[in-house]
Amino acid sequence: MTVQLKRPSSLRHFVTPVAVVAVLAVVFAWVATLDLDSIEARTLNAGYLIDRTREHLVLTVVSSALVAVLAIPTAVLAHRVRSRVVRAIVVTLGNIGQATPAVGVVILLAIVWQTGFTTALVSLVAYCFLPVLRNTLTGLEQVDAATREAARGMGMTPNQVLWRIELPLASPVILAGLRTALVFSVGVATIATFINAGGLGDMIVNGLKLQRFSVLLVGAVLVAAIAVLIDWAAGLVEDRVRPRGL
Amino acid sequence: MSEPTAGVGIELSDVTKRYPGQKTGAVENFSLKVEPGELLMFVGPSGCGKTTTMKMINRIIEPTSGSITIDGEDVLSLNPDELRRHIGYVIQQIGLFPHMTIAENIGTVPKLLGWSKSRIAERVDELLRTVALDPAVFAKRYPKQLSGGQQQRVGVARALAADPPVMLMDEPFGATDPITRLRLQEEFRRLQADIGKTIIFVTHDFDEAVRLGDRIAVLSERSRIEQCDTPANILAAPANDYVAGFIGRGAGLMRLALIPIGEVSLEAPSAESPALGVDGSLRDALDLLVLTGAERVNVTDAGGAVAGSLTHAGISAALGASRSPAGSAS
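Sequence order for the protein chains is W and E.
Residues in the first sequence are numbered consecutively from 228, following my numbering.
Residues in the second sequence are numbered consecutively from 179, following my numbering.
Take the hints with a grain of salt, since some may be wrong.
[Unchecked claim] A short, non-exhaustive set of chain E residues, derived as facing chain W with CB atoms under 8 Å:
no. : residue
1   : 238
2   : 260
3   : 262
4   : 263
5   : 267
6   : 269
7   : 277
8   : 278
9   : 321
Calculated from the structure, these hints are not laboratory results.
Just so you know, these numbers come straight off a predicted model, no measurement behind them.
Don't be surprised by glycine CBs; every beta carbon is placed ideally from N, CA and C.
The whole structure should be built from the sequences, with the hints applied where relevant.
This is the structure we're talking about:
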C-alpha cells in the first residue's frame, strides 16, 4: 500500500491570476472610453494609481510581517507555559483587537497619538493579530501527543522538540493564519486614508465624496484584485513550504 | 556490522510515584533488579502502574522518591535529555515523525549525538535491513506511506539507532492486528537473540509475555510485584490467585509451547505416524496429534532421520516433569 504524496496540480494556480487580469483589463478598457473631467484625470492616471497601490501594499505587507513576528512567538510562549490562564488572557487580548472596529481604533489612535503611516500600521497589526495567534496555538496543540512523547523520549530538549517537531508540524495551520491576516489587512488598509496614511482608500473615499463613480470603482476593484492576488500568492507559498509527508 | 553494545543491569529500589492531590501512589516502593541482557516483561491490567514504572527509568515521569540505576549509575543525577539519548524507547502509538522520511526518523538520535552524515546513512541502511525493510525502497518514504506493521518495525529500528544498551518498550505491538503482531514478536525475538539488549517490555497480554520474556513480573495495583520469575515457573507454579487469574485458562498449553521437543525423552518410532521436526515445541507435537488423530507422532532430527516418537501420555509426562523446575532465574 502506498499513499501518493502529490502536490496540487499547477493548472489551478493559473486560474486566479488570469481571472484578475481579465477583470482589470475590462475595467481599464471601460475607463479609457470615458471623458475624464479634471478631478477624475488627476486620479485616474498611471502615476497616481501606482503610488496608491504601492502605499497599500506596503501597509499590508509590513503589518502582516509584524503580525508574524509578534503573534507567532507570543503563541509559542503561551503554548509553552501550558497555563490555561495565560492562554485565556492572550486569546482574549487577540479577540479584543479583532472585535474592536478597525475604523474606531485608527481614529482613536490618531486622536491620542498622531496621524500617518505608523498609526495605521499599529491598528492593522492589532486587527490582524488574532488569526495568526489562534492558528499558531491550534497548530501547536494538535501535534499528536505520541509524536511529542517519542521526541522527548529520544532525548530532544524542549527547544529541539519545538523547532524540529512542533513548528514544522504546525506550519500548515500557522501559514493559513498568516494568509488570513494578509487578506484581512488588504481590506482594512483602506481605512488608512482617514488618518492621512494613503493607500487605495483615498480613491474610494474621494470617489464617494466627489460623486466620481469611475474613481470609486477603480479603487474598489484594485483593492479586491490585490486581496485575491495576495491570497493566491500565499496559497502558492503554502503549497511549496508545507512539509512533505503530511 | 559492528558488534552491538551489550545490555547492562538496571536496578530500581523503593521507587515511588505519587501525583499531587492523591492519597495513594501510582507506584509504591517498587524494587527490582534487571540482569544485563535480560528481556523482562511487565504484565498487568490497565492502570496498574506498569507503564508509569517503566517511564520513570528514562524520566519521562519523574519518580517522587527511590533510586534507579543503570549500569550502576544513578539516572536521577544525570541530565534527562542526555540520559534518554542512550535508552531506546518504543511506544504503542509508535510516534514516528510524519514530516520526516523513514531514514530521517531512524537517524534522529544519531543526529542528536552529532554523528557524521555518512555514518548516520550507513547505520540507517544497516538497521532497515535488520528489521527486514529494503533500504532502497523505504529510506526515502514517509511514515504515512507505510503499513502499521512496517511503521512499528521502523519504530524499533529508530530506538536501536544509537545502539543503546537499554531499551524500554511500551506495548510496542499492541496496536497491530493479530497476524502482524505474531510476526513482529517472532522477528523481535530473533533480533533480541542477536543484540542482547537489556529490555523492559510492558504488555497486558500474558501470551505475549510468555512468548518473549526471559522473566515476567506480574504486577497488580500500584505496580505491586505479585510474582517475578521465568515464564515456565510462573505457569507451573503461580504464586497466588491473582497470578493464576491473570494467566487464565490454557496454562498447560502455554507451558507446552515453552518445552522444546529436543528436551524430552522419546519413545521408539512407529512406521505409519505423522512426523515433525525436533526443533518444534511440545505444543506443536500435541497440535499434530489432535489434528491427525494419530496415536503417536514421529520426531525427525535436523537431518530428517526419524529419532523417536511422542504420544499423548509422553507429552503429559514431560509437562509433569517440568513442574519442579531445576533452577529459577531470579
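Original post:
Taking each numbered hint in turn, which are not upheld by the structure, reported in ascending numerical order?
Top reply: Per hint list: zero violations.
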